[in-house]
Each structure stands twice: as structure tokens, then as C-alpha cells.
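The residues making up each chain are set out below.
Number of protein chains: 2
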Amino acid sequence: MSKPLSFQQVILCFQNYWAEHGCLIWQPYSEKVGAGTANPATTLRVLGPEPWNVCYVEPSYRPDDGRYAENPNRMQMHTQLQVILKPDPGNPQELYLGSLEAIGIDRRKHDIRFVEDNWESPALGSWGLGWQVWCDGQEISQFTYFQQAGGQALDPVPVELTYGLERIVLVLQDKRSVWDIDWGAGRTYADVLKTPEVEHCTYDFESADVQRLTEMYKLFEAEARACLSHEPPLVIPAHDYVLRCSHTFNVLDARGAVGVTERAGYFAKMRDLSRQVSGAYLAQRQREEYPFLKSGEGRVESGESRPTSRPLGVQFPTSDTHTMFLFEIGVEELPAGDLTAAITQLRELAPKMLDEARLEHGEIRVYGTPRRLAVLVQDLAPRQKSVERQVKGPPAKAAFDSLGAPTKAAEGFARGQGVAVADLQVQDLEGGKYVVAIKREEGQPAAQVLAERLPNLIAALKFDKTMRWNHTNVAFSRPIRWLIALLGDVVIPFEYAGVSGGRTTLGARSNGSPEIALQSATDYMDALRDQRIIADVDERRAVIQKQIAQLAESVGGEISEMPGLLDEVTNMVEQPTALLGKFEEKFLALPRDVLVTVMRKHQQYFPVQKNGQLLPYFVAVRNGGRRHLDWVTHGNQEVLRARFADAEFFFQHDTAKRLDDFLLRLRTLTFHEKLGSVLDKAQRIEKLTSHIAEMLGLSEQEAAIASRAAHLCKADLATQMVVELTSLQGVMGREYALRQGEPREAAQAIFEHYLPRYASDQLPASLPGVVVGLADRLDSLVGLFAAGLAPTGSADPFALRRAALGIVQVLVENAAPFSLRRAIEAAAEVQPASVLSNRDAILNDVHAFIVGRSRTLLLDQGYRHDLVDAALAEQGDVPYRARVAVQALTRWAARPDWNDILSHYARCVRITREFAESFPLDIPLDPEPMTHALHDAYQTCAAQVSLHSTVDNFFNAFAPIAPTIAKFFVDVLVMAQDQAVRQTRLALLQRIAALPKGIVDLSKVEGF
Amino acid sequence: MSKPLSFQQVILCFQNYWAEHGCLIWQPYSEKVGAGTANPATTLRVLGPEPWNVCYVEPSYRPDDGRYAENPNRMQMHTQLQVILKPDPGNPQELYLGSLEAIGIDRRKHDIRFVEDNWESPALGSWGLGWQVWCDGQEISQFTYFQQAGGQALDPVPVELTYGLERIVLVLQDKRSVWDIDWGAGRTYADVLKTPEVEHCTYDFESADVQRLTEMYKLFEAEARACLSHEPPLVIPAHDYVLRCSHTFNVLDARGAVGVTERAGYFAKMRDLSRQVSGAYLAQRQREEYPFLKSGEGRVESGESRPTSRPLGVQFPTSDTHTMFLFEIGVEELPAGDLTAAITQLRELAPKMLDEARLEHGEIRVYGTPRRLAVLVQDLAPRQKSVERQVKGPPAKAAFDSLGAPTKAAEGFARGQGVAVADLQVQDLEGGKYVVAIKREEGQPAAQVLAERLPNLIAALKFDKTMRWNHTNVAFSRPIRWLIALLGDVVIPFEYAGVSGGRTTLGARSNGSPEIALQSATDYMDALRDQRIIADVDERRAVIQKQIAQLAESVGGEISEMPGLLDEVTNMVEQPTALLGKFEEKFLALPRDVLVTVMRKHQQYFPVQKNGQLLPYFVAVRNGGRRHLDWVTHGNQEVLRARFADAEFFFQHDTAKRLDDFLLRLRTLTFHEKLGSVLDKAQRIEKLTSHIAEMLGLSEQEAAIASRAAHLCKADLATQMVVELTSLQGVMGREYALRQGEPREAAQAIFEHYLPRYASDQLPASLPGVVVGLADRLDSLVGLFAAGLAPTGSADPFALRRAALGIVQVLVENAAPFSLRRAIEAAAEVQPASVLSNRDAILNDVHAFIVGRSRTLLLDQGYRHDLVDAALAEQGDVPYRARVAVQALTRWAARPDWNDILSHYARCVRITREFAESFPLDIPLDPEPMTHALHDAYQTCAAQVSLHSTVDNFFNAFAPIAPTIAKFFVDVLVMAQDQAVRQTRLALLQRIAALPKGIVDLSKVEGF
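Here the protein sequences line up with chains A and B, keeping their order.
When the count follows the numbering used here, it moves up by one through the first sequence with no breaks and lands on 1330 for the last residue.
When the count follows the numbering used here, it moves up by one through the second sequence with no breaks and lands on 1330 for the last residue.
Certain hints may be false.
The list treats identical chains as one, so a pair stands whether inside a single copy or across any two.
As the list claims (entries may be wrong) - Distance condition first, Cα-Cα at most 30 Å in a straight line; then the derived DSS-like pairs of lysine-lysine:
1. K591 - K540
2. K1326 - K1289
3. K516 - K979
4. K516 - K616
5. K616 - K325
6. K516 - K325
7. K1319 - K1289
8. K616 - K497
9. K431 - K868
10. K784 - K923
If you are wondering where the hints come from, they were derived from the structure by calculation, not from laboratory data.
Just so it is clear, the structure is predicted and the values come from calculations on it, not from any experiment.
Work out the full structure: start from the sequences and follow the hints.
So, in C-alpha cells, the structure goes:
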């Protein structure tokens, strides 16, 4: 084996490769950027209709990623190689793999995988779909079909390839750490960059002056805006200042000086600027009349040719025998979720299509791997079934004259239907005689029918997120690169998304994606098997499950149940081969949650455990065979080692301090400029917690626990582990609390106060957890509403809906007799006075907002909206009671006598509704005995009902008196001539109408 | 001929070339820099003892150079390729030329020349010596031996190669404009960079907000200082901020917001920061124990081997016959001035060395070209002449005892001198007998003598500026690369600066510098002639003169007298071949001064004229033969076209406005923060001008002219032509004034007010010119002294010495009876009151400073310092009178009776000096007739002398009474007993002593 290329040779080699493939070679930018994307050669040139192919190196600065050069592959500066291919050359994945081969990475030796990645840059107003490219578990590149940049939709869609050069060279040179990389000229990467790395980290994390950087940011922003206001706008100078804003923000952020809410503000401003810059650039190119459109030069040449569009034949092949039909959609790697969605839909849509097409068929099977969706149909009929249809025409007497000769009406109808007048028939229809035309539709050849319908079948597939990639602007989960529709041995000619159907499928990536021409549909499964591709999802899942179980067993362990992960992994490979990796035992000292999160979420590895304890092993599933498996395993182990080393670095740094120390750091983390720091917020939570503990009736001991938990609940936000792995917030808080000897219950409450974190998440189990969680959410809601940041129809950047929903869920779950109003007022007490100038309106808004979430929750649970509204109108302030009320009301509304009960009550309400005054009740005045009877009934009922009664209490008391009400209205004229009598009768009805006050507002119920 | 490489191919090709020669490939920097030098890969890595070889591209931003993309090769951004070779590999010029050949520039086809360039960056505290490399007149690279960086002396010395990539590709692709360059991938340079270029120009010149940029600068500076104060200092973050300071300053400067004096302040601050950064970096490397010293890797390998050090032989070759001696110092291209200096010195030192070495010789001739210094000696003796020397010992009587036997003293002496006691002789010396040892020094072989003395001969050569280049740290004008010392056919072994003497010389660069081994010294001239090298300076000059005259004649013109240029050109070539170039006639519309300045100063071309009018031709002298001369001519024409286009661009922009418009722009050009803008200064000059016009007695009409000239005199500083070609200040002012119809005399005064610009420059011829010039200089002196910026011993950043000297020269030249004191007070009147809080002291300082310049001038003119001081003490306030006084005094001091005159006068002074009071003069009291006689003489003299008398007036009146004074002192006892008599006598002497008051202070004269 020859010596692998040095770092600098790799760069030159890539540049030569892409230059040979038609790319312009460009230079790194003259401002600090977070990624090559920010270079105007990408961020601007991708805009508009002009072609653009470019390749350049970009040293990329991400202060947050700094590790003081103590991590094997995380640095605040890493080197990207950026390639833009616009428009899509048709085979960008092949070109990309070719570039890896050019530097010596053999796709047969490594597990090179395209792992779903939806890229988004809020700061740039940009997004795209594509993949991370993994080499043996290591992310080495990002591959993105750029859909939008600077708020502008992109057409044509550019392909963006971003190579992480250090990581690639790490793999290539088989080094354990980037610092050991051979740079060239006898120097290592550390020789050249280690000291600057440490210095930048020190500057970014410890030394940068927050005040001065904040001022710089403002100046940069002002200057960017000035450039944009110039006539015409100065695009590049403006962009340069936007980049400076961005980097300055990143340093401030690394410095811990940007709070969650403040961050949103920064992003909004930067996005706005980016949009303006993009708009100005587009306008500029338009003024210049898109000069690059004039020349056809500079396009990337496709290294390989693919079947392209050809004229659709007019003659469709026919056959007389039932044959097998294969329909395959060849795609670039689908996301796991999209693959499941596509298979599910095809299982429904494919039979439906055939049935609608009147094509008889045998068994239909649907297959799917990341690169292909396939439908195999047994015994497809060669032609549609023919059908006769009759079309009703004019009445017979209008169609034929008295002599029986056809009238103009008959002739017109016949002409319109395309039949001879002589062929018209007369039939009895709908109780009369009508002229009828009999039309026979001959069954068309299956090929013709399918050619027409297959495009619709593809178009009917729906995905959560879709992308465009070529001039057809068709949207799909990922690009479609080949199509097969084979009816027996006959190709069905059709085209979709610029691709023509053919008979050639592609083999597995690990085999170099060879083209395989199928003689016939029946060859398909054999062809895949030859490639060792398992096309059936269930079969693949079973194979993997077996493999991973065996490997776990081989070290005396087992795979813990991870059904979601198994499905995900199943959808990520065509050729599953599980491998067993090992990691150093010392890492087991890290918290289990950390290890599992890293393995599962970041690497899609299966953790191995024994008796519930993790073992120092993992199981990964490669895409490919057993050849070179040792090499792939080695690579994956190295990746995990680096990730664990990262986690260990955080853990050691974190546990060297106490949570109270981190708490103090929250002082510099702004929550919101009007609401102070996160420390201020934590202190508000602490105050509010004692209030809420009282409201919920906690014991003294529980309240003390809650108070301690509240004190520490946000501290972990300042720990490095949580800064890095946000999903571990609360988890690490609990872990670190336990390690420093906090009471177990307090530690648990720290964890629980974040619950529920998502829709189906667990709820807090302990009262202290409940209390702190409520305090946190109430503080956010009241504070942010007061700061003018209530969610709007389209935007809820602080996830206040989820916060309100969490409050409701927790209160309902805990059957808490808890007044939102009182809690909101308590939360208002702890806010800075400055934000509450319009106190009542704000508190009402918050209250209505939470009640609104309660409504949504109940509706989602299937309750009738009118009943929900009826209950909430009276009991919305206590969500648990509202839920109980809705449940009861639902039962009552299901009763056969419900309409009577409701209508009798409604009559009382309706007749009294117009009177604003409350009438005096003087029963003895009324001579009618029925009034007396109703009054008695009312008294009986009222004695059982109060403001705090339940719906059942109320109806149990009210239902019995309903008949009396009915009788009253029959016997008595309420609006008697005598005023006193009239008023007494009205007064009685007013009292009855008021009975459900505080319990339910029946006027909201349908049928009222 | 194959298609030339594209821009991007050139870059890749260079990178591959330098990588193959051991360089690390590095990337452009993440901050905007003015040059690749600012990248830490140069500015820091060149420091300290470690080796470092690197190559990288650097897009370099120089706002001042922006031309809105309207110039063929001047842009605010150009692309450098930077190479650092540290230590010097020994053959960097060859490596450099090899790199040009790698991209397809054939040194045989082009005139590639190394033109002296002393590089200095005040902002970085850095300097070095080397060359611009010209290709057919176009500067394509800078080649520097870096001597100091960030205020640190560099050891080892790095070689810095800076390629101007656009210019190189321009030559390579034979394009007229960089905008037409083929970049690669089907795009031109304009496609990619034209619009950004225009935008940057617009931003830098028109849009950048001065206030905001000034604030940014302050923040950057503060942050840089904070990084430096960190413990340990954060070198790279600090450096980044220094770069931001630098670029921000450059934009402010382009924006016209930085005044001359303010600039000095900025530079001082940036230099200070750079020094601190460099110091911190060095300390850091030291702490890290210079890791690169541990490995020997990464050195550039020399493509070619050169004779290196070899042991000095102990046996020196001998011969019996007189032979020719050749001594050649082979150098990298010497600056023209250094070549002249070296030849002059060798002509003196070489004979002196041979004489001192007692080597007989025939004719000595000294030759010199940019690459070689040679001494050819005819008939050099094979050996030194032998000599006898006698050494005096002890007195004979101490050396021999009474018996004549030698004493211990004799023995000791003999031993000490290395002779036998028996060989001692006794001689009569200095009036006594002494023992004498006779020592014979045998003549050594010439080779031995020369081997010892040649190193000293080289070391004795002095240059204005010298440089070091290798480990020997020898200093010379440029590196010495080979040495020849051939005595006949024998090599004289010696070594200097790491180079051993040999017999191999190098041929001409245009022939690829072939190695030529000389059999014998006599082959030398033939070898050079074979190479078409003209080694004799006078011969070369004559050849050139003839060639250029013929070429001028061929188009009916002539070369205007430019003796300095002819010498310069003669010293820049070994193989002179003149060529005739043409330029477009339209450029003749530009002012002659502009065309001549560009041709002569920038390109070293000879302008061609006819009857005093320029013709559209120029004559250049290439280094090389007639082959490919058309190509070289073409290249030179293109270069001049671009330069003229630049000038035309300025001229058109400038003449589109009136000078008054430019005047207003001076409002934003700060002169000094305490003294306001340049416009403020111009307005002060205008006010002061009327004062001074009155003092100098100008007519009303002259005064009006002066006033108008004063009004406009600084306007051209804001014109683009002057911003670009500073040497044309005043020249353009005159030109533009004439074009806008100002009176001819006013226009002339605008030009003249800058005179004299340098030591030997012309003086203003018109009175208005004199007046405005005086006003300008007086304003600067008074203002800047008041602002605390008087020159110090070592620093005179505002050239105030020259300003004061100019005042004196002009006043003397114009015989102006002009009081400096009054003028200074007038200048003080127009200064901002704020700066003159200590008015009297400041005015006295300024006065003393100007008088001091007057003194210097007189001393430089050869006057005796005592006489100068005597005249200045009384007449310093009026420089012209002081000069006249010194002249007269000099004549008087040369008279034979001078000592008498002076001593008689001195006696009067000395006897009265001790009395502070002024005595009453009452002659009749004195009985001595001699007193009466002296009094009569005094009265006669006093009647002819006043405060305004000249020295001649004074002495003509005084000399006749001197004898009377002498007689008085003989006859009369001054200190008589009688007080009244005594006082009368003293009073008389006091009056005589006071006679030269206001004329001359004779007490300063030697012999007083």
C-alpha cells in the first residue's frame, strides 16, 4: 500500500479533480465564516437562473466547537472543501464518490453511506435536503440539494458538496486524531494549527470582551444596512458585514452572552439582512441580464451517461398472456421515515391504480430500500377489461317523431356521443322512456394504460418534506435517478421528472452501483439477490434483528429494546451486515444516558447491555458485505471513541464544579433583554415554586425539596454537556445533582420539571417535579407575553404553546384543583415591574391562551367541541375540573332524555335572557299552583347544587325537575298581565337558568 | 503553441511546483489583508530561528488602488501568490525562475529583470531588501530578503516571493486587461470579479461611514490590546484584530478621512501593536522550545548545487611568472546606486590592497554589471616583495655586560623577536646606542597573500543599505552567490559569506545563467563577450547612448537629456539592447510632466521628443539580445498603455471638476486633530499670505495673485492624479489652474510654493510663489510645534527641518529683509487659540529652530562656525542679513590686521564686562588727552554705525579707530583712583563695546 496523500495533497487532488470536471477554482473568503456556504461563491451564486460550478477550500470558524485542541476531531476551525454544481449534473453522487476515489478512498473498502440530513441555516434564511455522508460511521461530508438561500427559492437547484477535509484525511491516513495528520512538507496538523486553536478557544470562551463585541455587532449591522440602502445596493460589501455580524454573534454566543430569546432576535436580524443581500444580488444579476446564461460553458460534464428522455412511442406493445409487472423507482438515498411512508402508500395506491385501470392482476408486493421503491405484480393482464357504458339521452318522444324517425335532438345526441343514430336504443329509465347510447370502451393494452398512469402513481406519493432537483421542478423526497416499468420483458415507455422508464437498475453502492439490464421483470429479485440486496423491509429487519442479537450474545450481552432504532437502521441499508465494536471500559464511568444518547442518536448504534448494565460494546449495521468488515469496524470504533472522548471532556469539566457554580454563570446568559438573565429566571422560578407548592398543598418536606430543585433546575444549562447535547438538559441536572449529594427527590424533580418534553413524553411523577415545572412554564408565559412575545398565528419561537399545553397536561394528570388565574397572578408578582404596565390585559391574555390549549387538548382527545366549550366556559380556570366536566357532559349528552333536559333548561334561559334586571321572587303572590310546584322543585335542586358542584351533581339534581319545568310552561303563561306575578315567574326562571353557573354553560351546547 | 494556462491552472501549477520543492501549502487568510505578508504564515512564521517553507494564495485588498474596474490592471483586490523560504535555500532566484517556466513563461523569450526594491511596511514594522521582478517592463513579482518583521530582526533571513498572479497571467495569456483573463471553467476574470470590484470601490471611496469605521477601529485596537494583555498573550486573536485595524484604516484613508499627521499617529499605533504581537509570538515559540528546530525536515531542496565551503588548503600554489589576476564577486542583482558605489570603491581599494600586500602589478581595471563586480589585474607578481625590518631593543649597555657578553635583557629580546642572540646588532638610534634585531620577511606567494586579503577587500565595500541572507550573517548589498579568484590558471582558495572562491562564473540570465568554468583569468573577458555581456560600465553606457539616440532618430526625434536615467539604466543591464516602443497619440493630450514622470520614474523609459514636444514613442533598454525583441517591445508597450490609461483616468476625473471643488474635499482630510483639516490649513495659508505679502512689499497686483494662489494651493492634494503620483503635487495644481483659466502667475505660484522640494531643487522665481511657500511653511512650523510635534533628535516625521530650511533658502535667495519673529507672530495669529496656551515659549522655540536651520545652511556652505554664530547672534532674525554678515565677517577675518582689530575691541569688552551698570560719560573730567582722543575717534565711528548697519559698515568705521584704542590702553590707566575719572573711562569703553550691537557679536569669534 502506498503512502496515503498528505493533507495538502488531498486538497490539490480534489481541486484538480473538480477543475477537470468543469469547476471554477475559487479561494477561501476574506472574512471569518462558519462554513463554505457563507462564501459569496455559494451563498450568492446559487441564486438565480445562471449556471455555476465552483470548488474551493474554506477554513471555517465555529467558536462553539472549540475544545482547546483536546479533542481528536472537534475544533473551532476546520477546513471545508466546498463544491457547487448548478444545475444538478444528473449524477452528483457518482461524481462525489469519484472524487473520494481520486484521493484514495475506495468505496469497496469502506462503508460509505448517505444519511438523511435536512440542512437549515436560520442566520442565512437557507435550507436544503440531502445527506451527511458517513465513512465507517464518521461524517465526512454534507451533500445538499439547496432549495432556498437568503429567503429565495432556488431554480435551478444547486448541488452543494461540503467535505470535512480533516475528517477525510483522518480516515485516509488512519490517524486517531486530526492533530496527528500529516499536513505535508514534513509537518503535522498540530505543528501548524494547534497553538492557534488553543488561543482561539481561550479568546472565544474566556477573553472576548462582551461589551466591545456587542458594539462591533451593532456597527457591522448598521454598515450592512447602509450598503443595502445605497443605490444601487452594494451587495458584496453588505454581505461582508453580514458575515462579520454572524461571526461576532458566534463569539458572543460561545462566550455565553446570548440568551435563548435574545438569540431569536439576533437570528431574525441576520436573516433579514441575508434576505436583503440575496434580493439585491438577484436584482443586480437581472440588471446585468444574467450574463452566464449567454454561454453554455462551464457546465459539469457528467462522467457517466444515464438514460435520458426519448420520444414516447405511439405504438404500445401488446401481449396475450398474463405476465409479471415490475415497477421500480430508483432514487438517491431516501430518509428512513420517507421510505416507510412510500412503502405504505404504494401498498395502497398500486392496487388502487390497477383496479381503476381495470387491469386484472395477481399478488402485489411492495419492496423498498434507501435507493429503490419497487412494486412487483404477478400475472398482470395484457389488456384492460373492456366495458360497455350507456349514456342517457333525451326522452324517447322528443327523439323520434310521430313516424318513428329520429329528430334533430336524437341526431345531435348521437353525434355528441359518437355513435350512429341507428344504434341508439330506447330504454325505460327513471319511470320514463329515454333514448340511450351504448358505448363500448375497448380495453387498451396494459402497457398503454400503465404508461399513462405510472407518472400519476409517482406523483401521488406524499412526503413530509420534498425537494426539487432538476429543470422539471418535480418534487420528491430525494432525486429520482432511474425508472423501470417492465411488463414481462417489455419496457413500458413513460417519463417522469425528466427520467425515462427503462430496464436498467443499479446494483449496490458497495459494488460500485453497476448497471444491470433486466431481461424481464422476473429477473428482478434474482438480480437484487446477486447484489446481496434485501429488498423486502420485513425480511431485512428480521435479518438485522437476528444479526445484532447474535453479536450481542457473543459477548454475553443483549440489545436493549429499541424498536424505533431498528426500523431506522433497517431503512438505512440495502445490504445489512452487523458488526460488533468495542470501546474503552473507562467510558462506562460516564452516565448511561450520555452513552446511550451518543450511540443511538448520533451514531445509530445499538448499545449492548447485560442485566441492565451497559457493556463496553456496540453493534452497528453497515451497508455492504463482510469483506473489509474489520476495517469498517475499526473506523466506527474510532468515531465512537472520539465522541465519547468529547463527552468525557465535558463530563470532567462539568463535574469539576458544583451546580451552584454553573448557576452563577447563568448571570451572563440572557433570557430576554426585558426579563433579565437565565439566573433571574431561575430565581423567579424559585419564588414561584413556594407559591405553587402551597396551591397544590405540598407537605413541608415536599415543599423544601421543590424549593431546592427550583434553585438548581436551570444550572445544567451552563454545563458543557448540555450546551453540546441539549437533549440531555434535566438529565444532566439530575446526574450532577446526585453526584454532589443533593437529595434524590430534588435531583429527580430537576429532571422532571422539563416533562413533558414532547407530545407523547412521560409526565412528572413527583409533586416537586410538577411544581417546579409549572413554575418554569408559568414564568415563561407571563414574562414573554408581557414582553410582547406572545405567539402569533404562524410563529411561536419560544414554544409557548407547548409550555401551556404542558401545564394543562400536568394539572389534569395530577387531578389538581388548581386555579390558573391565581397561578398567573402569582407569576406576575415575580416579573420585573417594568414589563407589566398593562397588567390586566396581559394576565387575561395568558389565561385565555392556556385555556385555549386546554380546549385543543380536549378536542384532540375526541370530545365534542360544543361540550368542550360548555365546560370550559365555566370551569376553564381549573383544567382538571374542566376535563371531568367534559367527560360527564359527554355521558349526559349521550342519554336518550338529553334533548328534553337540554330544551327544558334552554326555555328557562331563552325567556329570561332579554331582561337585564334580576326580578324579585315572591311566590306567594302567584295564584298558579304550578308555579309553586316549580318553585319547590327548584329548591330541591338548588339545595344539591353549588358553584363547586360537578356536572354530574348538577344533572343528577336537575334532570328530575326537568319534567316539572315542561309542565310549568304548558300550564302557566309566564308573561302574565299582572306585573308582580309576571316578575315572580320570571324571577323563578332566572334562578333556574342560573343553577349551572360555575359548572357548565349549556348555552354553548348544540341544540340549545 | 499550446493554449496558455488559465488563471486557476496557474495557481494549481505554482502550488504543485512549490509543494514539490518542499513547501507547505497554506490557505488565504480569514481576514482582509493588504498583502500575503500579513498572513500569519508569513508575518509570524518568519520570526525566530525555526525553518519554514510555505506557499499560498492571498487575495489582497488595497482600497486605494481601486479604479472601479476601469483600469486594465489596477484593482482594489488583486491575487498574490506568496512563498516563504526560510532559511535561504541558496538559489532562490533560480527556483523562482523555474516556477515561471513551470507555468510557461520562458526566460529566453521575455525580458525578466530584477529591479531594486526596498520594501518597507510602516504598519507592520517590517522591512527587507530585494527586487521587483519585471517581465517586459511589467512588475510581476516582489522578491525580498526579509530583514525585519514586527520590529524584530530576522535570523535566519527568509526569502519572500510575492507573485502578482493577475499580472503574470496577463503576460502569459497576452491579454490587454486583467478583465479579459481566462479564469478557467469558461469564465473570464470579469465574469467572476468585475461587479464586486466596482462595489468595493464605491464602498471604499463613497459610502463607508467614517464615524462608524473610526469607532470600529477603536474597538479593534482595544480588543487587540486586551488579547496582548492576556496571560499568556493570545497571539493569533491579537493579530487578527491588528489586521482589522489595518484594513479599516485603509478604507478610512481611501475615503479621504485621514490627514497626513493623523496618518502618522495611526501608523505608530499599528506598528506598536505589530511589535507586541511579534514579540508575543517569539516568546510563545521560545516557551514551546522551537519545535521545528527538532526536525530537519521541510527544507527547500536546492534544485542546483553551487560550490560550497571546502577546507582551505594549507599549501598555496606558487609560480614564478607574472600573470593576470581575476577577482569576481558574483551577486544577485545589485541596485544601480550600489553598483556605482562598489566600482568606485574597488578602484580605490584594489590597488591599495595590492600595494599594502607588496604585490607588484600592471594595469588594474574594475568592471561591473548588476550581477558581477570584477577586478582584472595585469602582470601580478607571483610573490610579495620581501622586506627587512629592524626592531629596536634595549640600550646597548644594558644588553651587553662589560665583557661584551649578552645579558639576560639581550637574550630576552632576541627570544621575543625570534632571532639568535648572535644576530643582534648595535646601532646608533635617537642619539644613543641600542641593540637592534634585523627581521627579514620573506615575500609570500601571491595566492596566499590574496587568500588572506580578499575577504577583507569584500568586507571593506560599503553600501547605504545592506542585507543579510545566510547563516554567516555577512552583510552586503545583495547576496553573494559565487566568487572567483584566479591567478593565471590557479584558483586562490578562500571563502566569504559561506561561498568558496572557484573558477566558475555564471553567464547571462537571458541564456539561463549557464555555468562557465574559466581555464584561466585571461579567459574572462572572452567568456563574457561570448555571453554578449558588456562588463565595462563606460562602454555599456556608450553603447546604450548610441542605441537610444539611433532609435529616437529613426522616428525623427531625440532623447531629451536625462543623465541620471542613463546611468541608472546602464547599471540595470548586462546585455543592453534598446527597443523603440510606441504609445497611442491620444495620451499626448496629458500634461507632459505626467507622461515624463510615468515613463522615467516608473518605467525607466527614455521619452522621445522633437523640438521640445513629446512624440508618441519611448525607448526602453532590455537586458538580453535582439531575439524575441518584438515580443518584449509588445509587452513594454502594454505596460505603458496601462499606466497611461491610469493617468488618463485620473486626469479625466480631475478635470471634470474645478479646483474649488477639490478644495471642499479637503474638509474631510485631517491635517492634524488639533489643527483641523487640510482645508483649515489652506485657509490659514491664505490669511497669512496677505501678511507676508505686505512684509515683503508686494505690489497690489502681486498680492492679489498671491492671494488667489494661496486659496487654491492645496486643492490638488484631493485630485486623483496627486493622490496617485504624489511627486506631481503643485505640478498638477498649476496644470489644473491653467486649464480652468486662472491667471498664469497664480498657477505658477501654486507650483512654486512647494519649492524647494529637495536639497538641490530650484527655488521659487516669482514673489507670489515665495510668499505662499513661506506662509505654508510658517503655518506648519508654528502649528505643529504648538501641537507638541516639534522634531526630536531622531524623528522628524513631518519634515519640519526641511520646511525651516526652505524658509531660510528662499529668504536668502530673495535678499529679503524679512523678520522671522514678525512672521512667526503672524503665523501664530491664525492658529487655533486652543493650541497656543504657552504662546511665548512656542514662538521662541520655532524662532530658534529656524535660526538653527540657517546656521546649518551656513555651515554647509563652508563658513566658520564662530563667524556664523557671531553673525546669527545679532542678525539671525533676518536670514538674508545674517548671510551677508557672515560673508563680510569672513572677508574681514581673513585680513592680516584682523587679530589686532579683534583684540583691541575685545579689550574694551573684557574690561567693562564685569560691570552691570552703565556709567556716566563726562569726558571733560578726564585730564588725560588720550581719553579725549579716543572719545573723538569713538564719535567719528559711532556716527557711521547704527543697529541696521552691515558688518562692512561697522568694520569700515571701526578699523580706523582700533589703533587709537590700542594707544589708549598703553597711555591710560583705566582704573584710575578718582572714581569719576574711572567711570568716565569705563563709560567710554562701554560705548565702544556696544558699537556692533545688532550687527555682530564678536565675543563669539575665536581669538576674542
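Okay, the hints, checked on the actual structure:
1. K591 - K540: Classified as both: same-chain Cα gap 11 Å, cross-chain 25 Å, threshold 30 Å.
2. K1326 - K1289: For K1326 and K1289, only the intra-copy Cα distance (25 Å) is at most 30 Å; the inter-copy one is 142 Å.
3. K516 - K979: within (27 Å within a copy, 55 Å between copies)
4. K516 - K616: between (47 Å within a copy, 17 Å between copies)
5. K616 - K325: between (46 Å within a copy, 23 Å between copies)
6. K516 - K325: within (24 Å within a copy, 43 Å between copies)
7. K1319 - K1289: within (24 Å within a copy, 142 Å between copies)
8. K616 - K497: between (48 Å within a copy, 22 Å between copies)
9. K431 - K868: Cα proximity of K431 and K868: one copy only (24 Å, versus 74 Å across).
10. K784 - K923: within (26 Å within a copy, 74 Å between copies)
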